[in-house]
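Could you build all of it, start to finish, from the sequences and the hints given here?
2 protein chains.
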Amino acid sequence: MAREEKRDAILQATLELVAEHGFHDAPCSLIAERAGVAAGTIYRYFESKDELIVAVYRDLETKINTTLLRGYTLEAPFRERFVHLVSGLLQYFIDSPLEFKYIEQFHHSPYGVAFRRDKMLGQDDPEDCNIYCELFKQGVTQQVIKDLPLVLLFDLSFGPIISVARNHILGFIHLDAALVRQIAEACWDSLKR
Amino acid sequence: MAREEKRDAILQATLELVAEHGFHDAPCSLIAERAGVAAGTIYRYFESKDELIVAVYRDLETKINTTLLRGYTLEAPFRERFVHLVSGLLQYFIDSPLEFKYIEQFHHSPYGVAFRRDKMLGQDDPEDCNIYCELFKQGVTQQVIKDLPLVLLFDLSFGPIISVARNHILGFIHLDAALVRQIAEACWDSLKR
DNA sequence: CCTCAGTGAATGATCGTTCATTCCTGTTTA
DNA sequence: TAAACAGGAATGAACGATCATTCACTGAGG
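Here the protein sequences line up with chains A and B, keeping their order.
In terms of the working numbering, the first sequence has 74 at position 74, counting the first letter as 1, and numbering is strictly consecutive.
In terms of the working numbering, the second sequence has 97 at position 97, counting the first letter as 1, and numbering is strictly consecutive.
Hints listed in this document are in silico derivations from the structure and should not be mistaken for laboratory results.
Even glycine gets a Cβ: it sits at the ideal position worked out from N, Cα and C.
Be aware that a few hints might be false.
[What the hints assert, rightly or not] Straight-line distance between alpha carbons at most 25 Å, and here's what the computed DMTMM-like set of lysine to aspartate or glutamate pairs gives: (1) A:Lys49 / B:Glu20; (2) B:Lys146 / A:Asp176; (3) A:Lys192 / B:Glu185; (4) B:Lys49 / B:Asp59; (5) B:Lys49 / A:Glu20; (6) A:Lys137 / B:Glu33; (7) B:Lys119 / A:Glu80; (8) A:Lys146 / B:Asp50; (9) A:Lys192 / B:Glu80; (10) B:Lys192 / A:Glu20; (11) B:Lys119 / A:Glu104; (12) A:Lys49 / B:Glu104; (13) A:Lys192 / B:Asp147; (14) B:Lys49 / B:Glu99; (15) A:Lys146 / B:Glu185; (16) B:Lys137 / B:Glu185; (17) A:Lys63 / A:Glu104; (18) A:Lys192 / B:Asp176; (19) B:Lys192 / A:Glu185; (20) B:Lys192 / A:Glu80; (21) B:Lys146 / A:Glu16; (22) A:Lys119 / B:Asp147; (23) A:Lys49 / A:Glu16; (24) B:Lys119 / B:Asp147; (25) B:Lys146 / A:Glu185; (26) B:Lys137 / A:Asp176; (27) B:Lys119 / B:Glu99; (28) B:Lys137 / A:Asp189; (29) B:Lys137 / A:Glu185; (30) B:Lys49 / A:Glu80; (31) A:Lys137 / B:Glu80; (32) A:Lys192 / B:Asp189; (33) B:Lys192 / A:Asp176; (34) B:Lys49 / A:Asp25.
[What the hints assert, rightly or not] Residues of chain B clear of chain A, computed beta-carbon distances all greater than 12 Å: (35) Asp8; (36) Gly22; (37) Phe23; (38) Glu33; (39) Glu61; (40) Glu99.
Following this line, the structure appears as C-alpha cells:
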C-alpha cells in the first residue's frame, strides 16, 4: 500500500467509525484495525487524534464545495441559483449519509465550535466567504431577499436542510427528488422579499 | 439538604457540566463535586449515568412545553399562533443558553437518537404529538400551509430556530426582540401557501 | 548493511461503577 | 432524661475497563 493510500485509509476509517458510533466510541485501536494498519501508524500521519479528526472534516468540506459548484452559473436568476445550491447540498447529504453524520458530530463538538470560531475571525479572506456569501450579499443589495444579517440568511437556508437531512438519514422520512426541490423552494420562500 | 433538593442539585450540575464541556468531559466525579455530594451518591438517585442524562433531558422538555403554552390561545389566527410558538421557543433558548447547549448535545448523541426513535414509534399517543402537531395538521387541511409531511413542517419551522439560537449563543450574532420576531415570520413564510 | 516506515505491547491517565464503611436521625430501652 | 440501638443515606477509596499515546523493536527495500 502506497503512502497516500494508507493516509486515505486512515481518514476513511475515521469517517466511518465516527459517523457510526460517535467520537467517543471510535477509539484509535478500532480506526487502525479498520484501516488495516497498526495503532502506532496513525501517529506517523497525524500528530494526534484531534488533528486527524479535523483533517477528515477539512477533506469533506472541500469535497462538498467542488460538488456544489458543478452546474452553478452566475448568470442564472437568484431563485434558481439558490435552489441549485440548497437542493444540491441536501441531495449530497442524502447520497452520503456517513459524511453527513460525521459533519453533524463535528459541528456539535468542541472541535467544531473552535474550528468555526477560527473561521469567523479570519473572515476577511474573500476566498473563504464563497459562493453563498456572494449570492446572499447580491440578493440583499438588489432587494430580492430580506435585509437580514448574513448569518441569519445562512441559518434560514441551511437550518432546515440539516434538519431534513437528519430525519431522512435516521429513516423518519423518505425524500425523493421532488420533495428535495419542494424543500429548497420553501427555504427560498423564507428568504425572498 | 432534603432528598428532593439533592436530586435537583445533581440534575443541575449535570446540565451545567454537559452544556459547558460535553458528555465526555463531564465525568461523574465532577458532577458529584459540583452538586456537593459524593460520587457514589449519584447512584442512589439514578441507576446509571445514562439514566441521569436522559432524566435531565426529560425535565427540560416539560419545562419548555409549559413555558410555551403561556399565552397560547387556540382562537388566534394561524400565523399568529405559529409566530407565538416559534419566537417563544427562540426566546427561551436565548434566555437559557445552558439548556439549549444541553439539548443540542443530547440530540446529536446516541442518547438522543434512541430517545427520538422510541418517541416516533409510540407516536399513537395523542398526548405526545402536542400543540405543534395540532397546529400543523389544521393548517394543512385548511390549506393555509403547504401540503408537506408533518416531519418536514417541523424541520422548516425549527431547523432555522436551532441554527439561529446556536449562532446567538456562540456570539456570532446578537438577537433582540425585533430580530426574533423577524426570524419567526421568515419561518412562517416558508410554511405558508 | 543501513535506513526508516511500520508495528503493537506497554504506559499512564481517566472513566463509570461498586461496596465496605461511616454518618445521621429517629426510636426504643434503662 | 440519657444511653443504646437500628437502619437507611451518604461516602470515597478501590476496581476493572478503556482510552490516547509512546517507543523499543522488526524487517523490507535501496
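(request) For the pair supplied as a hint, Lys146 of chain B and Glu16 of chain A, confirm whether the alpha-carbon distance does not exceed 25 Å. (result) 37 Å, violated
(request) Verify the proposed pairing of Lys137 of chain A with Glu80 of chain B, using a straight-line Cα cut of 25 Å. (result) Violated, at about 30 Å.
(request) Compare the distance between the alpha carbons of Lys119 of chain A and Asp147 of chain B with 25 Å, and conclude whether the hinted pair is satisfied. (result) 39 Å, violated
(message) Can you confirm whether the C-alpha distance between Lys146 of chain B and Asp176 of chain A stays at or below 25 Å?
(response) With a Cα-Cα distance of about 17 Å, the restraint between Lys146 of chain B and Asp176 of chain A holds, given a limit of 25 Å.
(message) Need the status of pair Lys192 of chain A, Glu80 of chain B: alpha-carbon distance at most 25 Å?
(response) 20 Å, holds
(request) With 12 Å as the threshold, tell me whether Glu33 of chain B passes as away from chain A on beta-carbon distances. (result) 21 Å, holds
(message) Between the alpha carbons of Lys63 of chain A and Glu104 of chain A, is the straight-line distance 25 Å or under?
(response) 16 Å, holds
(request) Decide, holds or violated, for the assertion that all CB atoms of chain A are farther than 12 Å from the CB of Glu61 of chain B. (result) The claim stands: Glu61 of chain B keeps its Cβ more than 12 Å from every Cβ of chain A (closest is about 18 Å).
(message) Given the hinted pair Lys49 of chain B and Glu99 of chain B, is their Cα-Cα distance within 25 Å?
(response) 18 Å, holds
(request) For the pair we were handed, Lys137 of chain B and Glu185 of chain A, check the Cα-Cα distance against 25 Å. (result) 21 Å, holds
(request) Decide if the proposed pair is consistent with the structure: Lys119 of chain B and Glu80 of chain A, CA atoms, cutoff 25 Å inclusive. (result) The given pair, whose Cα atoms are some 38 Å apart, is violated under the 25 Å limit.
(message) Please verify whether Lys49 of chain B and Asp59 of chain B have alpha carbons no more than 25 Å apart.
(response) Answer holds: Lys49 of chain B to Asp59 of chain B is near 16 Å, not above 25 Å.
The structure fails hints 6, 7, 8, 10, 21, 22, 30, 31, 36, 37 (numbered hints given earlier, in ascending order).
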